[in-house]
Amino acid sequence: MINGSAKPVLPMNFTLREFRVFRVVYELRSFSGASQTLHMTQSAVSKVCQEMESKVGQRLFERSTRKVVPTLLADQLYRHVCEVLGTMDAAERSMRSLLNMEAGEVSVAASPMLCVGLLRKAVTAFHHAYPAIRIGLHELSTDETIDYVVNGKADFGLASIEGAHPKLTIEHVFNETMFVVCAADHALARKRSVSWEQLAAWPQISLHPTFSTRRTVDRVFASRRLAYATAIEVGTVLSAISFAKAGVGVAVLPGYVTELVGEFGMVAKALPAEGVEHPIAIITRHNAMLSAPAARLLDDVRQSLEQGPRATS
Numbered sequence: 011m012i013n014g015s016a017k018p019v020l021p022m023n024f025t026l027r028e029f030r031v032f033r034v035v036y037e038l039r040s041f042s043g044a045s046q047t048l049h050m051t052q053s054a055v056s057k058v059c060q061e062m063e064s065k066v067g068q069r070l071f072e073r074s075t076r077k078v079v080p081t082l083l084a085d086q087l088y089r090h091v092c093e094v095l096g097t098m099d100a101a102e103r104s105m106r107s108l109l110n111m112e113a114g115e116v117s118v119a120a121s122p123m124l125c126v127g128l129l130r131k132a133v134t135a136f137h138h139a140y141p142a143i144r145i146g147l148h149e150l151s152t153d154e155t156i157d158y159v160v161n162g163k164a165d166f167g168l169a170s171i172e173g174a175h176p177k178l179t180i181e182h183v184f185n186e187t188m189f190v191v192c193a194a195d196h197a198l199a200r201k202r203s204v205s206w207e208q209l210a211a212w213p214q215i216s217l218h219p220t221f222s223t224r225r226t227v228d229r230v231f232a233s234r235r236l237a238y239a240t241a242i243e244v245g246t247v248l249s250a251i252s253f254a255k256a257g258v259g260v261a262v263l264p265g266y267v268t269e270l271v272g273e274f275g276m277v278a279k280a281l282p283a284e285g286v287e288h289p290i291a292i293i294t295r296h297n298a299m300l301s302a303p304a305a306r307l308l309d310d311v312r313q314s315l316e317q318g319p320r321a322t323s
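For the record, in the sequence shown the residue sitting at position 54 is 64 according to the numbering used here, with numbers rising by one throughout.
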């Protein structure tokens, strides 16, 4: 039974302005920092947050003289705020483009090496064809790339993603080959081929688990009932290559980095592809309405990838 004395749930009627202020305060953990970012007075920022708290009937932030700490309710609200504002930001970018190719902005998310190894050709050609359109490349980890697309901070992304996602359309383009990268004087560099079993004997320079490359490596070793030792865990492919060059260990990386590896004077040996799944996919939000520039660049990227990954040796 429903308790007749229970208070009715009142509509909160949040505004987009409140959401925008809330998001900045939440991310900066500071009213003064938010006021500078939003070009508002600190008292105005504080008042907006107080009005939101009045609507929900609970505190969103615990305040002290030195810091602002979000409550559990604010943590939950933040995820929804990002989705709502992401949708609005994407719509604004689309409207600013005026459905033509004479102005506008395109936002793309991918890892740094995906930007260099797989996006560079299409993005460069697009820029030469449409120089008035601003391109924003967000260089992120795999998990951050997914979040940027889900929250509308990027029109589309490029990532190695396994399985489905409830809020994304995932278009698999090809399956990448994995390579072991080592210094030119390393013992593996002299071998005609390298197996995963041989690789397991050498310490590795590993990427953080937020990168799909690390998850692929872990999955392959587990499927073969092999183990490996990590010498150093790093946050970028460039660091992995640099430490491998210094002889600290070897790195297992996707084929799209082999051009850069060669420029570093390193050696890249293809590993057996059997049982290895490292799919490269284009990701967009479900039912996303892309602006004309974003749709054109997405088509260019798709065509570039469908021609096949770059030739590697």
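Check the hints yourself; a few may be wrong.
[Unchecked claim] Here are the simulated SDA-like cross-link-like pairs (lysine to any residue), alpha carbons at most 20 Å apart as the crow flies:
id	residue 1	residue 2
1	Lys-177	Lys-57
2	Lys-177	Leu-87
3	Lys-255	Ala-280
4	Lys-177	Thr-294
5	Lys-279	Ala-174
6	Lys-201	Thr-187
7	Lys-57	Glu-102
8	Lys-131	Ser-314
9	Lys-279	Ser-252
10	Lys-131	Glu-269
11	Lys-201	Lys-177
12	Lys-201	Tyr-88
13	Lys-163	Tyr-36
14	Lys-65	Asn-23
15	Lys-163	Thr-187
16	Lys-163	Asn-185
17	Lys-163	Lys-201
18	Lys-57	Leu-26
19	Lys-255	Val-244
20	Lys-163	Ala-101
21	Lys-163	Tyr-88
22	Lys-57	Arg-76
23	Lys-57	Gln-68
Since the hints were derived computationally from the structure, they do not count as laboratory data.
Okay, the hints, checked on the actual structure:
1. Lys-177 / Lys-57: Violated, at about 34 Å.
2. Lys-177 / Leu-87: Satisfied, since the Cα-Cα distance of roughly 18 Å is no more than 20 Å.
3. Lys-255 / Ala-280: holds (17 Å)
4. Lys-177 / Thr-294: It holds: about 9 Å lies between the C-alpha atoms, which stays within 20 Å.
5. Lys-279 / Ala-174: violated (31 Å)
6. Lys-201 / Thr-187: Distance ~18 Å between Lys-201 and Thr-187 Cα, so the pair holds.
7. Lys-57 / Glu-102: Violated - the C-alpha atoms of Glu-102 and Lys-57 are around 27 Å apart, more than 20 Å.
8. Lys-131 / Ser-314: holds (8 Å)
9. Lys-279 / Ser-252: Given that 20 Å is the threshold and the Cα spacing comes to 17 Å, the pair holds.
10. Lys-131 / Glu-269: holds (13 Å)
11. Lys-201 / Lys-177: violated (45 Å)
12. Lys-201 / Tyr-88: Between Lys-201 and Tyr-88 the Cα gap is close to 52 Å, so the pair fails against 20 Å, i.e. violated.
13. Lys-163 / Tyr-36: holds (17 Å)
14. Lys-65 / Asn-23: holds (8 Å)
15. Lys-163 / Thr-187: violated (30 Å)
16. Lys-163 / Asn-185: violated (26 Å)
17. Lys-163 / Lys-201: violated (45 Å)
18. Lys-57 / Leu-26: Holds. Lys-57 to Leu-26 sits at ~15 Å (cutoff 20 Å).
19. Lys-255 / Val-244: holds (14 Å)
20. Lys-163 / Ala-101: holds (11 Å)
21. Lys-163 / Tyr-88: Status holds; Cα separation ~15 Å.
22. Lys-57 / Arg-76: Given that 20 Å is the threshold and the Cα spacing comes to 18 Å, the pair holds.
23. Lys-57 / Gln-68: holds (15 Å)
Hints 1, 5, 7, 11, 12, 15, 16, 17, counting from the list given before, are not met by this structure.
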